[in-house]
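Once you've looked at the hints, dock chain B against the given chain A.
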Amino acid sequence: MKRNFTLAKQFLRKNRSSIFSFSLILLISTLLFASALTVNNNVSKDYDALHEQLNTGNAFFTVPAVQYTEDLVNALEELRSVEMAEGRRGVMLSVSVEMEGSQQEQTQIFFSLKDNGQLNRFRIVEGSAENTGKGICIANYTYIHSSLEPGSQYAYSFPVIGVLEEMQYGNYASSVIGQYLTEESFQELLEQNPQNEVVVISVKAPSGREAYTDVSKYLNEKGIRVISKNYDENMKNQRLAISNILVLILLVFSGVVLLISLLVSKFKIQQSMEEEMANMGVLKALGYTGNEIILGVILPYLISGLTVACLGAALSYLLLPVLGNVIMMQSGFRWQPGADITADLTVILISLLLITVFTLLPAARIRKLNPINAIRGIRESKAERNHFEMDKTAGGVGFLLMLKNFVNTKKQNVLLGIVLFFMTVAASFVIILFYNINLNPMNFINTLVEEHPSVVVSTDADIEEELEKLDHVEQAIYYDEQCSVSYRDDSYKTFVSETFEYLANDLCYEGSNPGSDREVAVGSRIRETCGLQIGDIITLSRDGREEEYEITGFIQSVNYSGEVLELTIDGYRRIEPDYVPGTIYLYLDDESQAGKVIAEIEETHETINSTVNYAESMESAMELYVSLVGVICIVIIVITVLLIFLILYILISSIITRQKQELGIFKAIGYENGQLVRQLVGGFIPGSLLAAILGTLVSKLILGNVYGFIFQAVGAYKVNFVYPTGILCFVALGLMVSTVIIGAALAERIRKISVYSLIRD
Amino acid sequence: METIIRTRDLVKSFITESGTQTIINHLDLDIYEKDFTVIMGSSGAGKSTLMYSLSGMDRPTSGSILFGGEEITKMSNDKLAVFRRKYCGFVFQQVYLLDRMSLMDNAMTAGLLVEKNKKVVAGRAKELFEKVNLPEVTYRKRVNQVSGGEAARAGIVRAAINRPAVVFADEPTGALNSDNSTAVLDVLTELNRDGQSIIMVTHDRKSALRGSRIIYLKDGKIYGELSLGSFQQDKEERGDKLDQFLKEMGW
Chain A
1 MKRNFTLAKQ FLRKNRSSIF SFSLILLIST LLFASALTVN NNVSKDYDAL
51 HEQLNTGNAF FTVPAVQYTE DLVNALEELR SVEMAEGRRG VMLSVSVEME
101 GSQQEQTQIF FSLKDNGQLN RFRIVEGSAE NTGKGICIAN YTYIHSSLEP
151 GSQYAYSFPV IGVLEEMQYG NYASSVIGQY LTEESFQELL EQNPQNEVVV
201 ISVKAPSGRE AYTDVSKYLN EKGIRVISKN YDENMKNQRL AISNILVLIL
251 LVFSGVVLLI SLLVSKFKIQ QSMEEEMANM GVLKALGYTG NEIILGVILP
301 YLISGLTVAC LGAALSYLLL PVLGNVIMMQ SGFRWQPGAD ITADLTVILI
351 SLLLITVFTL LPAARIRKLN PINAIRGIRE SKAERNHFEM DKTAGGVGFL
401 LMLKNFVNTK KQNVLLGIVL FFMTVAASFV IILFYNINLN PMNFINTLVE
451 EHPSVVVSTD ADIEEELEKL DHVEQAIYYD EQCSVSYRDD SYKTFVSETF
501 EYLANDLCYE GSNPGSDREV AVGSRIRETC GLQIGDIITL SRDGREEEYE
551 ITGFIQSVNY SGEVLELTID GYRRIEPDYV PGTIYLYLDD ESQAGKVIAE
601 IEETHETINS TVNYAESMES AMELYVSLVG VICIVIIVIT VLLIFLILYI
651 LISSIITRQK QELGIFKAIG YENGQLVRQL VGGFIPGSLL AAILGTLVSK
701 LILGNVYGFI FQAVGAYKVN FVYPTGILCF VALGLMVSTV IIGAALAERI
751 RKISVYSLIR D
Chain B
1 METIIRTRDL VKSFITESGT QTIINHLDLD IYEKDFTVIM GSSGAGKSTL
51 MYSLSGMDRP TSGSILFGGE EITKMSNDKL AVFRRKYCGF VFQQVYLLDR
101 MSLMDNAMTA GLLVEKNKKV VAGRAKELFE KVNLPEVTYR KRVNQVSGGE
151 AARAGIVRAA INRPAVVFAD EPTGALNSDN STAVLDVLTE LNRDGQSIIM
201 VTHDRKSALR GSRIIYLKDG KIYGELSLGS FQQDKEERGD KLDQFLKEMG
251 W
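Just so you know, the protein sequences line up as chains A and B, in that order. Residue numbering for the first sequence is 1 to 761, as defined by this note's numbering. Residue numbering for the second sequence is 1 to 251, as defined by this note's numbering.
If we strip away everything but chain A, and leave its shape as in the complex, we get:
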């Protein structure tokens, strides 16, 4: 073993720089990999733990207080799927809140701090919950996205006294945020808004989904209006959607980086072996066995790989708080990253295993090495042809030498090509992400949200045509997200619209939206659980009335986990004949005029119940999403650019070092530096060009599927990303130009080296 270490030490000394650069790339890869795994292994687990710790209900229903009685809770507890039920009084209001620097209209439920019952408890994370005088404990989600903090003033002049976390209405995923008032403030608010009093019924059950269905059915049978409802699994998916996307992006990216670092290590070992062939021959001649030499060669990579993987796993703990903040921004859940030995060991073992395989592949040749041939520099491979004979091939000397250089360095060029190919795909992946999130955030938003008009008008009168005539209004459409229908005993949220043709966000990812009263589009989750196909006839019911509908397509809905349906107004009326649409979605030609349009509507129409400046809400939501994922995008772009330069530097400097003596010979016989630089760089061009073209083509072909795979994890089946060929070409061109520039910059070094030294070194 001592002999192995001696050999390894010698190999390490000679290949210091290449092992260092390999380690640097591996460090980045393991850092990202360990971070992604830790997030993946822990966020969900810690979320569940907090859910349990706060004894959060598995399903919850907000009903008008006037329809609620204590008997209702008792009756729900009798249901087979329900273990326990509890009601909590609240006041549900639409409040204008400052989010990310702009005012956003939000639906909020205000509870009393006094009512921290058995189910759905809260915990204070900032300030206090002193239940005296006036005051409010705001949700952590509101705290993160606004400038509100203990001591500042909330709406209705409530002083903020603390920040709390709870798992039911802790973020805006259900389109409702829960805030907790002191008893005095709660009573004050209740007195001012008695008509908005609600009760949130929390249900503890082994299966949230089952309880959700049973309770929905029961409430429906009893004619109790459900204002808002949700269940644990759905809620978790909504709250952790960004976290899941983040994990997948990091896993995909770190995987590509790991693969590239392994390819580079394989190449470096292969190159070192060729350079050290004579020495290896001498070692064999001295009596070292093939395995001893192999171990000596791969040991430095294994030791540095092990060290770097440990370091990467350790450093990931510095990155995790940043990721934790990003996760908190969307989920409102404060995730405290802790040590995850399983994730660390997984990263270390996977890295070591892959390094062993990738280093053994080239090193295994040593076993067959004939010592005398190695010492004499005789290659055992079959004789290579002399390509492009100069006296017989057309073309100038520079061109011919460039061609020869390309053919003669084909192994390195193939590797450079493979690496560039992966780098093109990785860079395209990142740039497309950046383009669709930061530059065109609507593409990202449309993937994750449902319909988003400019203004929402709630009215009891049929004023659609009048509204359409207003300045800046391009389109007015009746659209209702609050309807529900039952299918196979489950109640589903149903989007009802007079038309799905002119909406801002087409949710249909396969087939088409319903166009007639006998058609329905079905959410992705319902499709999967019920095994539905386009053309199937399904029976929908409401209040005991049943009708058949033909499935025309499938729709996505991240916020409702794909458990939604789409019907036309006429279609809905078949099972709800008394239905009168009361929500009009307005689409403006200039969304900055939304405020003016709302003012005009409120001034001229007395029949308006409420208006929502949705454009403004969307804008702040967009800012939120963009800042969330944008941070990650920028980090990944910076890492990608660094990696590209680092890898190109390693590969190209290796190629140049390898050709150093040859360059010296060329210089000796009278070749100028410029000629040599052109010849060298020209040799990289065909391979890099081919790799860039292939990388661009493959990116164009697969990126849609890659993003599809990533977003499917959060229930988005239709990724509204665009993949502009121009941008992909720009990425490829950028990489090509970088290759040439780095190649030329490195090749310039030969200018400073004297011919004599080049030959002798």
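These aren't lab readings, by the way, just hints derived from the structure by calculation. Even for Gly, the Cβ is constructed at its ideal location relative to N, Cα and C. It is possible that some hints are incorrect.
As the list claims (entries may be wrong) - Subject to a maximum C-alpha distance of 27 angstroms in a straight line, what follows is the list of computed DSS-like cross-link-like pairs (lysine-lysine):
1) B:LYS206 with B:LYS218
2) B:LYS141 with A:LYS410
3) A:LYS660 with B:LYS86
4) A:LYS752 with B:LYS74
5) A:LYS392 with B:LYS141
6) B:LYS206 with A:LYS392
7) B:LYS86 with B:LYS116
8) B:LYS86 with A:LYS752
9) B:LYS116 with A:LYS392
Claimed, not checked - Between beta-carbon pairs, the in silico distance windows are:
10) B:HIS203 with A:GLY396: 39 to 45 angstroms
11) A:THR356 with B:HIS203: 46 to 52 angstroms
12) A:VAL357 with B:LYS116: 47 to 53 angstroms
13) A:VAL737 with B:SER147: 42 to 48 angstroms
14) A:GLY674 with B:SER147: 40 to 46 angstroms
15) A:ASN370 with B:ILE222: 45 to 51 angstroms
16) B:ILE222 with A:GLY674: 37 to 43 angstroms
17) B:THR20 with A:ILE372: 41 to 47 angstroms
18) A:ARG385 with B:LYS116: 23 to 29 angstroms
19) A:ASN438 with B:THR20: 57 to 63 angstroms
Unchecked claim - Just a sample of chain A residues kept apart from chain B, beta carbon distances all over 10 angstroms, derived:
20) VAL282
21) ILE538
22) HIS605
23) LYS700
Below, chain B alone, put in the same frame as chain A:
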């Protein structure tokens, strides 16, 4: 004979850990056209350093080198490259052929730098390959597929292809067996007979016998000089003269 290379006050020193080491020490030297100049001396005397300085492969620390009347120490690297391709040919001990090419392509690579017409260059290369006794089947092979002697002779073809003013040979027989050494020396001798100026660095007495002028270096200076005249195979006194000279030099 006309002077083709003239050095004045030539100094080449290296900075080492133990201080500055002067290899060429204020050397004044004239090299004559059509001469076969042999530079000898003990190891570290500065033979190769002098030769590479004279050919513009390495830069001296100070002093001047006039090559064909042109001062080469002031030339830029690229000017030196152009100068080398036109006026210098090199034969190295390790041959240093471009090993991923055929012997022919090695010659063409050098030849096409000066003469753009491929046919002319190829014709001249074939002539030289014939002269060094390398048949087509051999000169079409890649460097790693031929013997050391064949490679050495191909090195001479490459050195001579542009009809340089001077062929510089650094221990051209150092890595060859006796037969191959003789073959290489014969080719160099024949080239010289055709009017080619040659400067050769050697340790080998047998190689030195081919020279018309022997310069012995010691501590970076000319320690002694011997004129042998043109090489004649059967003249025994030539060998005696050289032996006597080398004995005086402390060889």
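To see whether the hints hold, each was checked on the structure:
1. B:LYS206 with B:LYS218: 20 angstroms, holds
2. B:LYS141 with A:LYS410: The given pair, whose Cα atoms are some 20 angstroms apart, holds under the 27 angstroms limit.
3. A:LYS660 with B:LYS86: The hint holds at about 23 angstroms.
4. A:LYS752 with B:LYS74: Holds, at about 16 angstroms.
5. A:LYS392 with B:LYS141: 14 angstroms, holds
6. B:LYS206 with A:LYS392: 40 angstroms, violated
7. B:LYS86 with B:LYS116: The hint holds at about 13 angstroms.
8. B:LYS86 with A:LYS752: Roughly 22 angstroms between the alpha carbons, so the hint for B:LYS86 and A:LYS752 holds.
9. B:LYS116 with A:LYS392: Holds - the C-alpha atoms of A:LYS392 and B:LYS116 are around 14 angstroms apart, at most 27 angstroms.
10. B:HIS203 with A:GLY396: 39 to 45 angstroms: Once the Cβ atoms are compared, 41 angstroms apart, the range 39 to 45 angstroms for A:GLY396 and B:HIS203 holds.
11. A:THR356 with B:HIS203: 46 to 52 angstroms: Because 50 angstroms falls inside the window, the suggested range holds.
12. A:VAL357 with B:LYS116: 47 to 53 angstroms: For A:VAL357 and B:LYS116 the Cβ distance comes to about 51 angstroms; the hint holds.
13. A:VAL737 with B:SER147: 42 to 48 angstroms: At 46 angstroms between Cβs, range holds.
14. A:GLY674 with B:SER147: 40 to 46 angstroms: Roughly 36 angstroms apart at Cβ, these two residues miss the hinted range, so it is violated.
15. A:ASN370 with B:ILE222: 45 to 51 angstroms: Cβ of A:ASN370 to Cβ of B:ILE222: about 48 angstroms, so the range 45 to 51 angstroms holds.
16. B:ILE222 with A:GLY674: 37 to 43 angstroms: The hinted range 37 to 43 angstroms holds for B:ILE222 and A:GLY674, with Cβ atoms some 38 angstroms apart.
17. B:THR20 with A:ILE372: 41 to 47 angstroms: 43 angstroms, holds
18. A:ARG385 with B:LYS116: 23 to 29 angstroms: 26 angstroms, holds
19. A:ASN438 with B:THR20: 57 to 63 angstroms: With Cβ atoms ~60 angstroms apart, the hint holds.
20. VAL282: Per Cβ check, A:VAL282 is outside 10 angstroms of chain B; nearest 18 angstroms; holds.
21. ILE538: The claim stands: A:ILE538 keeps its Cβ more than 10 angstroms from every Cβ of chain B (closest is about 71 angstroms).
22. HIS605: At about 83 angstroms from chain B, A:HIS605 clears the 10 angstroms cut-off, so the statement holds.
23. LYS700: 37 angstroms, holds
Violated hints for the displayed structure, listed by number in ascending order: 6 and 14.
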